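Build out the structure end to end from the sequences listed, making use of the hints.
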Amino acid sequence: MPVAAGRLRSAARTQPTSGPATRGGPAKGPVSQRLVRAVATLAVAAVVVILVLYPLGRLAVVVGTDTSGQLFGGAPVAEVLRTTVALALAVTAAAVPLGTLAALGLARSDVPGRRVLRVAIVLPLLVPGFVLGYSWTQAYGRGGFTDFLFGLPWRSVQGPAGVWAALVVSTVPVVYLLVAVGLAARAEPELARAARSSGAGPLAVLVHITLPLLRPSIAAAAVLSVVSTLDSFAIPQAMGGSGDFTTVTMAIYRRLSLGSDPAAFVQALALALLLVAVTLVVVVPADLWLGPRLRATRGAGPSGPVAVPGASRPHARSTGTGMHARSTRTAMSRWISAGLSLYLVLALALPMVALLAAALTPAVGVPPTPAHWTLDNFRSVLNARSLAAFGRSAGLALLAAGLLTVLGAAVAVLERRRIGRALAGLVTVALVVPGSTVAVALLISYGRWLGGTLLLILLAYLAKLWALAHRPISGALDRFPPGELQAARASGAGLAVAVRTVAARPLAPALLGAFCICGVTALHEVTMSVLLYGPGTETLAVIVLNSAEIGQIGPTAALSLLLTGAVLLPVLALWPAIRRLRTR
Amino acid sequence: MLQHMVDHPRRRRIGLLLALVGLLPAGCRAGPAASSQGPAPVTLYTCVSDSTIQPVITEYKAAHPGAEISLFRAPTGELNARVAADLRSGGLKADVIWGCDPLTMQGYVDQQLVGGWTPENAADIPRHYRTGSFVGVAVLYLVAVHRRGTPAPASWSDLTDPAYAPVAVPDPRVAASALGALSYFANAKGYGTDFYRALKHNGANQVSTPDLVTTGVAQGLYQAGMTTANSAYLAKSKGSPVEVSWPQPGAVAVYGPIGLAQHGRDSQQAKDFITYVVSEPGQQVVATAGSYPTRPGVTGGPEIPSGAPVVQPDWPAVSADRDRLLDGYQSIFGS
Amino acid sequence: MTSTSSSHSEAAPLSGGSAAPPDLLQVRNLTVRFGSVSAVDDVSLRVQRGEVLALLGPSGSGKSTLLGAVAGFWPPEAGEVLLHEVVVAGAGWGLPPERRDVAVVFQNYALWPHLTALDTVAYPIRRTGRRRLAARTEAASILELLRIAHLADRRPAEMSGGEQQRVGLARALARRASLYLFDEPTAHLDAHVRGLFLAELVARRQATGAAAVYTTHDAEEALGLADRVALLDNGRLVQCGTPEQVYSEPVHAWAAHITGAASIIQPAGLLPPSHPPVSGLGGTDLSGPVLVRPGWARFGGTLPGRIRGVRFRGPDSDFLVETPAGEVLIREPGPPTRPVGAAVEWTLTRAWPLPLTQR
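So the sequence lines, in the order shown, correspond to chains A, B and C. Quick note on numbering that gives the first Met the number 0: the first sequence kicks off at 0 and runs consecutively. Quick note on numbering that gives the first Met the number 0: the second sequence kicks off at 0 and runs consecutively. Quick note on numbering that gives the first Met the number 0: the third sequence kicks off at 0 and runs consecutively.
Simulated from the structure, these hints should not be mistaken for lab results. Only a predicted model underlies this, so the values are computations on that prediction, with no experimental measurement involved. Take these hints with a grain of salt, some might be off.
Pairs of lysine to any residue, SDA-like flavour, derived with a Cα cap of 25 Å [what the hints assert, rightly or not]:
#, chain 1, residue 1, chain 2, residue 2
1, B, Lys188, B, Ala286
2, B, Lys199, A, Asp243
3, B, Lys235, A, Ala356
4, B, Lys60, A, Ala383
5, B, Lys237, A, Arg378
6, B, Lys199, A, Pro75
7, B, Lys235, A, Gly150
8, B, Lys270, B, Ser50
9, B, Lys199, A, Ser155
10, B, Lys270, B, Asp157
11, B, Lys237, A, Pro75
Some but not every residue of chain A turned toward chain C, in silico, with C-beta under 10 Å [said to hold, decoys possible]:
#, residue
12, Pro188
13, Arg192
14, Gly198
15, Ala199
16, Pro201
17, Ala203
18, Ile208
19, Val352
20, Ala356
21, Gln485
Heads up, the beta-carbon is just placed ideally off N, CA and C, and yes, glycines get one too.
Now the structure itself:
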């Protein structure tokens, strides 16, 4: 409250200077304003058409009017599709329980090392998918880390089982985040306490109260898990590339990047369209069911606008689901902590160590002991080509993140009108359209003019990631207390001054967050880049993928670490800033 | 509040929004513009390894100040796909193609994408390494790699012996050297496609590239495999537990030709580059970078062990037969 | 503070006869800490069967925290909680809520958004092992009892605040506990619903003999409903006694203000010898401050004063009278009869000397 009061005061202070200027505004009349608004809406709509509607429409038309008769010829489409769907379901079946358990476990306030674990569990999001998959092959594959140390290779890590495991690891953080947010928003500690004091034990509370309350969050996480697995390319390519294991995205890549005959091309188009169809089959019903439930507030009642004196009393020990004797309580927490730590070591730490060992080892088959360590691999990959690619990646990521933040904010603001809502819906659709499909659609729409240029890659990033920027900004606008801007304007501030003095600060974390998430995703994006790059426009992620395909382990490991560092370092650098903004 | 904002938008805010939307095309234009500064660069498509192509470009630029090379480097299969993609969207974008095998290159010539010119200094290159459309500038030798401790295979047919199982072979649809080997074995006495069938029968695994074969053997995944001499010797020199052998009737020599694209933008710059690679200084760079040059008398590069047998596929004969060869192979190793 | 402790250190009910019945709830030197903040600081209390104890204090005084410690939501830092003379919580440990013979009505109702009213009320019954049908039948009868049978199929989002409140109450009743804990049960209720609720609470208590502890910041409610009232301030117990005790004999000025309208005057030299005797002041040294409740002074008599403010309250009217000893609030039945600024005479009928130690 003092913060809000301070904001109001500062808004009031600015009144004398800004007052006269803005007071002139309304005289110009609402007609010009309406015009400006219409133009803005049209401009954003045009961008949506260019990025999303036209390419997808074109893809559908090209496939629909194909007369070659080879759309599904020669390709085991059914089998590839079955593999992909089975993989998506298997990943979801494992990642959703794991992520939910992690969120429930880490909601307990007395878990040892909770602060570290809560950060560590989402770290796989910052590790590029390809690097994660590749590090698993180095850790657990034949001739890998566990093979070297204990003679324990996991032979099928380079195959469906390994792809599944690595995808689970990369999906768990998403589930964790969604469920943790749902836990904070829906499963208030009071509700669990009410159940405990109604005679329910901890397990009964979990089954009867907590999980049902989390159902929308868990369902949303499951949908996202299915969609992201259908969309996944880097991990299957890194781990299943050499076997018979083929997903739709891999098949598209092979047909576009390895096949040179026309039939392969139309087959890639057909697969791209098929993939988006499968995705929509999952997403549309889920959205119809989930949408209202996720948006629904708790309705009338306590969480309404009633300000309760004393309601903000401390909620420390917030799990508050009751207590046992102290010893059993901490034993449970210690188990949670130990389990999560073990999981993180196996899923992330060990593979990363294995990757580092591979990067420091001069050649395959040389024991990764300190005596053999060398920086030769790093030296060999830090050549003009990869440095230029890094520059391109960083530039693309920054440009894309900046534009996306603006576009996301634009749609979030326009969305408060009917036409804007339609735009927001379209933008969200682009997020669930698989990257391979976006790339193929853009390629056949603009490839003739932009093929192989950075601009085409940028367009792909914008189309695919727009919703990623839009969501957090829109959420922040939703949460922004409606009275604050009005209070500032009632205190004499013009709209611009009011936005700057009152809205900018609370919205800053969302804007910065949107910028970061888009930047990070663009930096390690490979699904679309690898289909769109051309001479002189490789991104760093594409270089890493190519290096792995050629089969040189040491240089690939070194490149992978550099790519991961390129993603991690800026985020770690910006993290304190985001935190500071959040807590204010 | 938001409703309010939308109901009474201020000029400035929408103006800002418009400015940013307007900025989009401007910002996008910066993309390709940034990559095309200076004189129009020569666009080079190649499948030659980074360790060879980077020094060549560096030295070329040192010898030709102001010259720019825009590089697309990928294994042969991807190169083919790239060319096909170019053709779908308005035509080949390359000015120079430096391939890894004459079959693929001849394919480009047949499509009238490459050819019509070879540099004058091409005459210095042995006849069997050039045609009227392109010149070989590097040679890949397909040799056998095997784990240290396993006896060296005396002949290629030894690889069908269970003692060498499992064996790894590179994919001819991806790697030019593998395509070259297929070209040789398919028509060689006592081999033919039956050789591949016997390999498969012996549990042979197909991996995509020769480097993956070497890596797999070094890791102990495979006992032996077919790979390029460069890849095998490099791994051995760095300490990998592998040995290299040149089995009878010989290592398959696959030459990497360079050729001029027929509809390149600036053919003079492209010709300069090709001439440089064929020239003695260019070949010297190729050799120093670890590849086998085609120009006689260039030293300082990797050397063929004395007495090691080398065989040359009959390129003109197989080039007519390429698709049938790949189909036959596909029926054995195809997935 | 220390001077007041003697009056409440043994907070047994007044009715405690020769053979005091065993305490249903005992809180002994309880301290609850959240981080470095002591929310409850060394509090001792007792509640007997059939008794209603009100915890009265401003927000942040530790009432709800104390209630949570009794319910089993958080363990004490120090001290003990006993139910039926069995220790259920000690320093750093405690039985979980489901194993305590306690039911809770939550301040924010804490209704489960995914359950209907019927299922909500049936929930505690199901936890005792009853079958679904039996539990539902019993839950329906409880809803009937509270006259909210029509809400049976509604979820919280479809109910008003008052309806949610009553479902929360029904859920607590369904627990059939010996001790009911109400956390600000009337904070969200309008006057009408509040009256209904209080009647229900009283009826319930009489029917089952259960005891209740409830927190409130409303003095009238605490005094009117509870058998005893405990005053809490900053986590500390200030006073505990019958409503008459805490109203008429507050331990200091703060306690006087929190329990109702209070005028505190310095009567030294004010009362002439002709003034009729003031009850509660017999033989007391009049040099210190004394408490005067609104009904403890009346118009007429000899003491001088001037009306500074008038407030009509419906059944009666309040007059704020400026006197040489300080301002005094005088309450008279009926609408206001005297204007602001009028000079008046008045008489002090009763007073309670406050200790000099001001809070």
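Against the structure shown, which of the earlier numbered hints fail to hold, in ascending order? 1, 10, 11, 19, 20 and 21
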